[in-house]
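Assemble the complex: chain V is given as a structure, and chain L must be docked to it using the hints.
First to last, the protein sequences are chains V and L. What the first sequence shows, in my numbering, is residues 35 to 669, in sequence order. What the second sequence shows, in my numbering, is residues 3 to 197, in sequence order.
In short, the hints are calculated from the structure, not lab data. Some hints could be false.
Unchecked claim - In silico DSS-like cross-links for lysine-lysine, where the CA-CA straight-line distance does not exceed 27 angstroms: (1) V:Lys-605 to L:Lys-79; (2) V:Lys-477 to L:Lys-52; (3) L:Lys-52 to V:Lys-59; (4) V:Lys-601 to L:Lys-79; (5) V:Lys-518 to L:Lys-22; (6) V:Lys-551 to V:Lys-539; (7) L:Lys-79 to V:Lys-545; (8) L:Lys-52 to V:Lys-601; (9) V:Lys-545 to L:Lys-17.
All values derive from a computational prediction rather than experimental measurement.
Here is what each chain is made of, one letter per residue.
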Amino acid sequence: MYNEEFFFQAFIYLTAAVIAVPVTKKLGLGSVLGYLLAGIIIGPAVLGLVGYEAGKVMHFAEFGVVLMLFVIGLELQPSLLWKMRRTIFGLGGLQVLITAAILAGIAMLFNFRISKSLAIGLILALSSTAIVLQTLTEKGMLQNPAGRSAFSVLLFQDISVVPILALIPVLAALSGNLDLIENSELNNISSLESLSGWIQLIIIIVVIASITFVGRFIARHIFRLVAETGMHEIFTAMALLLVIGIAIIMSKIGLSPALGTFLAGVVLADNEYRHELETTINPFKSLLLGLFFISVGASINFALLIEDPYRIIGYVVILITVKFIVLLALGRVFRLRKGFDFLFAFLLAQSSEFAFVLISFSKQSQLLDNETAALLLLIVALSMAITPLLLIFNEKALVPVLTRKQNKTEYDYVETSDNPIIIAGFGRFGLVIGRLLLANDYKVTIIDSNPTNVEVLRKFGFKLYYGDVTRPQVIEQAGIRHAKLVILSMAEYDEALKVADHLKKNYPQVKILARAKDIYHAFEFFKRSVTSVQQEVFDSAAELGQQALIEMGFSKYEAYRAVRTFKHHEKQVLTDLYALWKEDENRFIEETRRFSEQLSEILVAEKDYLIHETDYAWNVNSDGEEEKSENNKRE
Amino acid sequence: MKKILIIFAHPALQKSKIHKRLTDSVKNIRGVTLNNLYENYPDFYLNIIKEQQLLIEHDIIIWQHPFYWYSAPAILKEWFDLVLQNGFAYGEKGKNLEGKQVLSVISTGGSKEIYCKGGRNNFTVNEFLIPYKQSANLCLMEYLPPFVIYNAQTLTSYDIDHHVSKYKQLLISLRDEKIDKKNIRSVEHLNELME
Numbered sequence: 035m036y037n038e039e040f041f042f043q044a045f046i047y048l049t050a051a052v053i054a055v056p057v058t059k060k061l062g063l064g065s066v067l068g069y070l071l072a073g074i075i076i077g078p079a080v081l082g083l084v085g086y087e088a089g090k091v092m093h094f095a096e097f098g099v100v101l102m103l104f105v106i107g108l109e110l111q112p113s114l115l116w117k118m119r120r121t122i123f124g125l126g127g128l129q130v131l132i133t134a135a136i137l138a139g140i141a142m143l144f145n146f147r148i149s150k151s152l153a154i155g156l157i158l159a160l161s162s163t164a165i166v167l168q169t170l171t172e173k174g175m176l177q178n179p180a181g182r183s184a185f186s187v188l189l190f191q192d193i194s195v196v197p198i199l200a201l202i203p204v205l206a207a208l209s210g211n212l213d214l215i216e217n218s219e220l221n222n223i224s225s226l227e228s229l230s231g232w233i234q235l236i237i238i239i240v241v242i243a244s245i246t247f248v249g250r251f252i253a254r255h256i257f258r259l260v261a262e263t264g265m266h267e268i269f270t271a272m273a274l275l276l277v278i279g280i281a282i283i284m285s286k287i288g289l290s291p292a293l294g295t296f297l298a299g300v301v302l303a304d305n306e307y308r309h310e311l312e313t314t315i316n317p318f319k320s321l322l323l324g325l326f327f328i329s330v331g332a333s334i335n336f337a338l339l340i341e342d343p344y345r346i347i348g349y350v351v352i353l354i355t356v357k358f359i360v361l362l363a364l365g366r367v368f369r370l371r372k373g374f375d376f377l378f379a380f381l382l383a384q385s386s387e388f389a390f391v392l393i394s395f396s397k398q399s400q401l402l403d404n405e406t407a408a409l410l411l412l413i414v415a416l417s418m419a420i421t422p423l424l425l426i427f428n429e430k431a432l433v434p435v436l437t438r439k440q441n442k443t444e445y446d447y448v449e450t451s452d453n454p455i456i457i458a459g460f461g462r463f464g465l466v467i468g469r470l471l472l473a474n475d476y477k478v479t480i481i482d483s484n485p486t487n488v489e490v491l492r493k494f495g496f497k498l499y500y501g502d503v504t505r506p507q508v509i510e511q512a513g514i515r516h517a518k519l520v521i522l523s524m525a526e527y528d529e530a531l532k533v534a535d536h537l538k539k540n541y542p543q544v545k546i547l548a549r550a551k552d553i554y555h556a557f558e559f560f561k562r563s564v565t566s567v568q569q570e571v572f573d574s575a576a577e578l579g580q581q582a583l584i585e586m587g588f589s590k591y592e593a594y595r596a597v598r599t600f601k602h603h604e605k606q607v608l609t610d611l612y613a614l615w616k617e618d619e620n621r622f623i624e625e626t627r628r629f630s631e632q633l634s635e636i637l638v639a640e641k642d643y644l645i646h647e648t649d650y651a652w653n654v655n656s657d658g659e660e661e662k663s664e665n666n667k668r669e
Numbered sequence: 003m004k005k006i007l008i009i010f011a012h013p014a015l016q017k018s019k020i021h022k023r024l025t026d027s028v029k030n031i032r033g034v035t036l037n038n039l040y041e042n043y044p045d046f047y048l049n050i051i052k053e054q055q056l057l058i059e060h061d062i063i064i065w066q067h068p069f070y071w072y073s074a075p076a077i078l079k080e081w082f083d084l085v086l087q088n089g090f091a092y093g094e095k096g097k098n099l100e101g102k103q104v105l106s107v108i109s110t111g112g113s114k115e116i117y118c119k120g121g122r123n124n125f126t127v128n129e130f131l132i133p134y135k136q137s138a139n140l141c142l143m144e145y146l147p148p149f150v151i152y153n154a155q156t157l158t159s160y161d162i163d164h165h166v167s168k169y170k171q172l173l174i175s176l177r178d179e180k181i182d183k184k185n186i187r188s189v190e191h192l193n194e195l196m197e
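Extracted from the complex, chain V is given alone in its bound form (with noise of 0.2 angstroms):
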């Protein structure tokens, strides 16, 4: 078969892929750490199944992190990130510098030049943009204050990137590798490099104004008159064409594809097509970038760990606590509050994958020689290998203690609230219920692990607090004591029961009004005795419904009333379906079968009480019967 061996390769990466990340994911080990496993299982290390291409399978799985990036710019409006601009300079270049500093000074104890200290000092100073920004995004942190820090220091590493490649040649020649210069890859890194500095500077300027322009003024027009072709695939193609021909041209300047796609992302950012964009190229992104993490792993070269595997370690562990308390003294520096510091620090004490790149150039600019080159990329690997583990252990061991001490919740961010409402969850479900609280003048207290448009909401008079309502301090910072009402409208729904547990046997008074996910959610509530509880979705497809009756020829008075008969039924059919529900728990997973069949009993009878209900409620003949009651009182 023709392609045979890449059909095979493919076979093995997806295979891996697809048996490492459920397992990972169910022990609740993140995607990352998965991909990573799968990679050293097939690499040379275990099974050998793959082996010297890893590298080149790497190289092309990058573009993953360029597709990541152009998404990441999708979702984040411009004043956003002109805001952001003081995090990504200040945080993100001071723990550029600082950490590049540290690290060359260690090097030069290892007998390294200086020049080339500096080399090794910057390469290892960046993080890894993949598995930072993949680990925040499955966690859902990218709104929170270490993920917004988290992603600044990124964006800053990105852009550094540049002036570090152009660097190292620098570096090569004042180690006195000065001849190699002219025939270095420093040519295929960048062909402007030749030019004269602000020569390259106007041609930036100019092609990120022309991405700018096109993205704001033409883009759209382009969008449409694709998408009116109704043929999704040529939408998917122009999606990918967009990324890949604006990280050529990034290339050509001499700038990171990852950057300029991401600015590329975030011009587009107000664009109408935005959530088709995302959703069109999300699958690329992640299938990449699952690729780029086995590479990693494979990548891996165990043989030299084994050769010796003290050193070695010794140098992943000083690498990881070097720019892990860089991190962290810059967390507190820039006002991370308890708990949000340590996890910034240990999201980002890895190296990056862009020392990869930038490791192979400087072992072809003569900086490095190939020992060392090797022993660096294995330090690299190691140290993104172990970031999954570090955040288990942050999360499992370090933040309970930590809560624990302070006695305080970290998550909080503003004073003891004592509105008389508290929402928890606000998604889309509970926006709803905040603007109408809201609307009516009454002050709303919101606990979200994650809540979006924190600004706007803050500035309409919301309270809102990041956190866990699952766990009680949140709840208690919130200002339960003097809330009246808790409405638990998240969408975690096992979390909520445990709330409504907590609550009801702490805080007794407190009215609790409760989004359910079906029928067996709603009797778990019920059970609690919460004080009201709202089938999530039920009303919505009843109004739907309604609409539907409309267009098939009822009056709409008729499809209200049908409507409202229908609802009205309903609450009946669940007080009676709770009573049996507790009578026997588990009877009732069995009668399900049943279930349905009451259900279409139930459907039946709601016909014949429809027709009974409209036809007799305002009948025409009983008007005649009084007419004729009333002759006959005449007569």
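Chain L alone, transformed into the frame defined by chain V:
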């Protein structure tokens, strides 16, 4: 002892001066059932079966409401339209309400003086209530003179106390059948019997 059902309709009780006090003071009297229509059916979706059952279980029916456009708030009309069905309340087979007593308890913004021939409203309150009276007749019920509170918007707290205690007294007298039938027919408003 007779059982009394108050069918109460007020769409904005939070703005009411008199009806809140009236209902609060009588709802716990033994033998009295308060059926707050706007509270029980905010969506106007009346439970017809339940409403009819309530009527059957009581001997004296009261329609209590503010006087809006010389009539009742909308939900009470809905109640008439849906609950007093042919075959239940009237018609060949509809004798369920036969012999029950029924009266209107209403509040008006205007004074007694403007509710008369030549006054601003041209007709008396009792004349405006003719549809209720005839509805009662059709259902074979005895329609008593109404209990009317005039000047409802300008009542002093003393006036309110006065009306509340009269209302209470009226309900207890009706319940215990302490009112002389002859007296009832001789008055325009039942208020007059409670001096």
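Checked hints:
1. Annotation: proposed proximity of Lys-605 (chain V) to Lys-79 (chain L) holds, straight-line Cα distance about 26 angstroms (limit 27 angstroms).
2. The straight-line distance between the Cα atoms of Lys-477 (chain V) and Lys-52 (chain L) is roughly 39 angstroms, outside the 27 angstroms bound, and the hint therefore fails.
3. Among the hinted pairs, Lys-52 (chain L) with Lys-59 (chain V) is inconsistent with the structure: their alpha-carbon atoms are about 54 angstroms apart, more than 27 angstroms.
4. Of the supplied pair hints, the one linking Lys-601 (chain V) and Lys-79 (chain L) holds, its CA atoms being roughly 23 angstroms apart against a limit of 27 angstroms.
5. Only pairs whose Cα atoms come within 27 angstroms are accepted, and Lys-518 (chain V) paired with Lys-22 (chain L) is accepted, the gap being roughly 24 angstroms.
6. For the hint linking Lys-551 (chain V) to Lys-539 (chain V), the alpha-carbon distance of about 23 angstroms falls within 27 angstroms, and the restraint holds.
7. For the hint pairing Lys-79 (chain L) with Lys-545 (chain V), the CA-to-CA distance comes to about 35 angstroms; that exceeds 27 angstroms, so the pair is violated.
8. The suggested pairing of Lys-52 (chain L) with Lys-601 (chain V) holds, with an alpha-carbon distance near 17 angstroms, which does not exceed 27 angstroms.
9. Of the supplied pair hints, the one linking Lys-545 (chain V) and Lys-17 (chain L) holds, its CA atoms being roughly 26 angstroms apart against a limit of 27 angstroms.
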